[in-house]
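Engineer: Here the structure of chain A is known, so what remains is to put chain B in place on it, guided by the hints.
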Amino acid sequence: MSGPPTSNGAGAPILSIDRVTKHFRGLTALSRVSFEVERGELLVVIGPNGAGKTTLFNVVSGFARPDQGKVELAGEPITALAPHVIVRRGLARTFQIPRPFKSLTVEANVEMARTSTAGAFSHPSAAHKPVDNVERVLRLVQLWERRDQGSDTLSQGELKLLEVARALATNPAVVLLDEPYAGLGPSEMTNLTRVILDLHRSGLTLVIIEHKLRELMKLAQHVVVLHYGEKIADGSPAEVSRDARVLEAYMGGRKAAEHA
Amino acid sequence: MMHRLARVHIGLAVAFIGLVLLPLWISNPYVISVLTLAALYAIFASSWDILSGYIGQLNFGHAVFFGVGAYATGFLGPHLHPLFVLLAGGLTAVGFAFLVGVPCLKLRGPYLSLTTLVFPLILERLAFTFRDVTGGEYGITVSSPLSRIGLYYASLALLLATLTTLLAIAESRIGRTFRAIGDDDQAAMAAGINTTRFKLGAFVLGAAFAGLGGVLYAYHLRHVGPETFSLFTSFSIVIMGIVGGMGTIIGPAIGACFLTLLGESLREIETFRILIYSAVLILCVMLFPKGLWGLGNALRGFIRKPVASGGPQ
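Chain order of the listed sequences is A and B. Going by our numbering, the residue at position 172 of the first sequence is 172; the numbering climbs one at a time, nothing skipped. Going by our numbering, the residue at position 54 of the second sequence is 54; the numbering climbs one at a time, nothing skipped.
In isolation and in its complexed conformation, chain A is listed as follows (with noise of 0.2 Å):
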């Protein structure tokens, strides 16, 4: 995976979350929400239904915009720019509850990320290399022999893993994955947790929101905690679990049984 532009020295961060803040009529989803992401690194962002981190994932991705705040991706302000540009500018996502394009193929819906982020319409500033990588990405999730299917016609664990592929296939530095675990089987699970893994290798920064934090929290580095749209933890895995707030806001809700 090639980054974008590397002005920035090693070591400055390649996403940095700056007091974004996000209300819906009187809700505040986001309250002065901060934290860095350095390159190369697994972040996991955890918290209990309603903390914000889909929210979180909206406005870093430009399909909210934020009421305060900055978000910036190697070292350039990237706040509420269209969804469109910050992908061409190598932030991709994927979302909760799968997207296809349903009436493509699994392989169509992966080239047109590609083609719409390195072909003729992307910018020609980016600095995406025209690599034909819809193959690589395909069989990295294990949809390649499935390519020239209907896409309507993958489980809802095979579309989580096309909502990966699609991401990956606009050639991105950071990619930021909605709870890629949810609604996937055993077998799916250990499949994406392998992609994951391979992808982190790779060098890719990943952005992860899940709840199984027993999958995840072995692969990784950093975690942070959204609590009512505020950021009540942010650090290692280790630090977090001994954190006392986050204790107290998982303790006696279901989480407290799930990761017990």
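Note that these hints are calculated values from the structure, not bench results. Among these hints, one or two may not hold up.
[Claimed, not checked] Label-pair ranges, simulated between beta-carbon atoms:
| id | chain 1 | residue 1 | chain 2 | residue 2 | range |
| --- | --- | --- | --- | --- | --- |
| 1 | A | Leu-219 | B | Pro-289 | 45 to 51 Å |
| 2 | A | Gly-50 | B | Leu-114 | 31 to 37 Å |
| 3 | B | Leu-281 | A | Asp-67 | 46 to 52 Å |
| 4 | A | Asp-67 | B | Leu-262 | 40 to 46 Å |
| 5 | B | Met-286 | A | His-23 | 42 to 48 Å |
| 6 | A | Glu-38 | B | Met-286 | 41 to 47 Å |
| 7 | A | His-23 | B | Lys-106 | 18 to 24 Å |
| 8 | B | Thr-164 | A | Glu-38 | 52 to 58 Å |
| 9 | A | Gly-50 | B | Pro-289 | 35 to 41 Å |
| 10 | A | Gln-156 | B | Ser-265 | 47 to 53 Å |
| 11 | B | Ser-230 | A | Tyr-228 | 50 to 56 Å |
[Unchecked claim] Chain A is faced by these chain B residues, among others (derived, beta-carbon under 10 Å):
| id | residue |
| --- | --- |
| 12 | Thr-177 |
| 13 | Ala-180 |
| 14 | Asp-184 |
| 15 | Ala-188 |
| 16 | Ala-190 |
| 17 | Gly-192 |
Here the structure is a predicted model, which means the values were calculated and not measured. Glycine is no exception: its CB is placed at the ideal position from the N, C-alpha and C atoms.
Structural biologist: Just chain B, lined up with the frame of chain A:
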């Protein structure tokens, strides 16, 4: 996919050869006139389909585009060579597509469709208001540079050009992008597609062919008036598209021919015309949700299934 497209082209060729030779047997000017009207509506409906059927943004104001083409004919017809009038009609429609499209196409879903509803009403009002130029409710009389039969062939030629061009675009990577946006425009954005630009492109493309058709429409009616911008006109196009089969280009053209011929054949029983017409529409939508084109495909699959082993698709 190529096989399917090749079959469509063969079907088109056969149909057009038939229509070109038809006047050798049927010279009744009324029949030729009805067929010309059907061809013109087919141009409007198939050009409507590229935004509405592929991207799924129902345009309730397509009459704006052929209406301004028709008015351009009224204004410029007496002063310019017909070919320049044709060009002017297309360009006027394209201009309006940008004018309407740039502010509207950022809207999504029902908001865009509701906005498209408003523009023909504005133009209808304007036509009434500036009566010195537009002739108000009487409109403008247009003299046709072509004979009835000449106009029939001109309409057929434009219909063929419209269908082949739009089909070629619909089957290209651009058409596939239109479909992807129609499937899920948020996913399309996430895949790096500039959805607003593609929507504007589809809007302008459809407007161009509608504007060209609008010129022939004015020549055919020998008149252009504000009724072109009426809700009924715009809704007729939507209904033709739905009955024919959206997202197929050919389907809406078939729907337009079917409904134009149906409407004309019911002319003699004027009292029940609207009733029968409406009943046919409701039956079509209920029985063939994918339109006449979808019905045709289903029948083909049904006939083939017992013989060939493959089954449909």
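Engineer: For every hint, state whether the structure bears it out.
Structural biologist: Results for each hint:
no. : hint                                : verdict
1   : Leu-219/A <-> Pro-289/B: 45 to 51 Å : 47 Å, holds
2   : Gly-50/A <-> Leu-114/B: 31 to 37 Å  : 32 Å, holds
3   : Leu-281/B <-> Asp-67/A: 46 to 52 Å  : 48 Å, holds
4   : Asp-67/A <-> Leu-262/B: 40 to 46 Å  : 55 Å, violated
5   : Met-286/B <-> His-23/A: 42 to 48 Å  : 45 Å, holds
6   : Glu-38/A <-> Met-286/B: 41 to 47 Å  : 59 Å, violated
7   : His-23/A <-> Lys-106/B: 18 to 24 Å  : 22 Å, holds
8   : Thr-164/B <-> Glu-38/A: 52 to 58 Å  : 55 Å, holds
9   : Gly-50/A <-> Pro-289/B: 35 to 41 Å  : 39 Å, holds
10  : Gln-156/A <-> Ser-265/B: 47 to 53 Å : 50 Å, holds
11  : Ser-230/B <-> Tyr-228/A: 50 to 56 Å : 54 Å, holds
12  : Thr-177                             : 7 Å, holds
13  : Ala-180                             : 4 Å, holds
14  : Asp-184                             : 5 Å, holds
15  : Ala-188                             : 8 Å, holds
16  : Ala-190                             : 6 Å, holds
17  : Gly-192                             : 4 Å, holds
Of the numbered hints given earlier, the model fails hints 4 and 6; all others are met.
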